[in-house]
Amino acid sequence: MSILVGQEIRAAISRGEIIIDPLEDSQIGPGSVDLTLGNDFRIFKKQTGMYHVHNESDFADVTELVSLADGEYISISPCEMVLGITRERITLAETIAGWLEGRSRFARFGLAVHVTAGFMQPGISNHQVLEIVNLGHSPLALYPGTRICQFVFERCLGSSKYRGRFVDQEKP
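Sequential numbering from 1 applies to the sequence shown in the numbering used here.
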């Protein structure tokens, strides 16, 4: 697989192999596209017991949905995790896959925006959920609309389509 650079990302967008909605040209960088933080979050319910994680576990059972208006922020304490989502919907051709990565400028504050599961399958069409953790020592305020992460695109050796549990995901 080969990583697409800015010029190739633009060409793939022109051909309809990559659809990002909404998208400003300034979000396209030399080797990735910056994605912005959406307005919806899932915060974990305060619980003293143990979460049991197995194949039937559902994160919605242990979280609650919170929606913010533009200009509002969510505060994340040290060692706290929340689920966020990108404002942009990403649709990939069956020959394009990608990786969701954090941005160095925020990592320097101790902010991890995608704990695991960074690989995005070919043929996806959804908003990307972000597993956001404050690894720093001070609370962090996150604002919807912030360019929070970047998407790196790769061309596949063949074609395939994602048909998993999170097809057409709209909320974290």
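Be careful, since some hints might not be right.
Straight-line Cα separation of at most 20 Å, DMTMM-like style, residue types lysine to aspartate or glutamate; simulated pairs [as the list claims (entries may be wrong)]:
#: 1; residue 1: Lys171; residue 2: Glu94
#: 2; residue 1: Lys45; residue 2: Glu154
#: 3; residue 1: Lys46; residue 2: Glu94
#: 4; residue 1: Lys45; residue 2: Glu94
#: 5; residue 1: Lys45; residue 2: Asp25
#: 6; residue 1: Lys161; residue 2: Glu94
#: 7; residue 1: Lys46; residue 2: Glu131
#: 8; residue 1: Lys46; residue 2: Asp61
#: 9; residue 1: Lys45; residue 2: Glu56
Distance windows between CB atoms, simulated [unchecked claim]:
#: 10; residue 1: Glu101; residue 2: Ser26; range: 16 to 24 Å
#: 11; residue 1: Ser26; residue 2: Ala69; range: 20 to 28 Å
#: 12; residue 1: Gln47; residue 2: Ile19; range: 32 to 40 Å
#: 13; residue 1: Glu72; residue 2: Phe109; range: 15 to 23 Å
#: 14; residue 1: Val5; residue 2: Asn55; range: 33 to 41 Å
#: 15; residue 1: Asp58; residue 2: Ala141; range: 27 to 35 Å
Treat the hints as calculated values from the structure; they're not laboratory data. Here the structure is a predicted model, which means the values were calculated and not measured. Just so it is clear, CB atoms sit at the ideal spot from N, CA and C, and this is done for glycine as well.
The hints, checked one at a time:
no. : hint                       : in the structure
1   : Lys171 x Glu94             : 23 Å, violated
2   : Lys45 x Glu154             : 37 Å, violated
3   : Lys46 x Glu94              : 40 Å, violated
4   : Lys45 x Glu94              : 37 Å, violated
5   : Lys45 x Asp25              : 38 Å, violated
6   : Lys161 x Glu94             : 5 Å, holds
7   : Lys46 x Glu131             : 17 Å, holds
8   : Lys46 x Asp61              : 12 Å, holds
9   : Lys45 x Glu56              : 19 Å, holds
10  : Glu101 x Ser26: 16 to 24 Å : 18 Å, holds
11  : Ser26 x Ala69: 20 to 28 Å  : 24 Å, holds
12  : Gln47 x Ile19: 32 to 40 Å  : 39 Å, holds
13  : Glu72 x Phe109: 15 to 23 Å : 19 Å, holds
14  : Val5 x Asn55: 33 to 41 Å   : 39 Å, holds
15  : Asp58 x Ala141: 27 to 35 Å : 29 Å, holds
In summary, the numbered hints that this structure violates are 1, 2, 3, 4 and 5.
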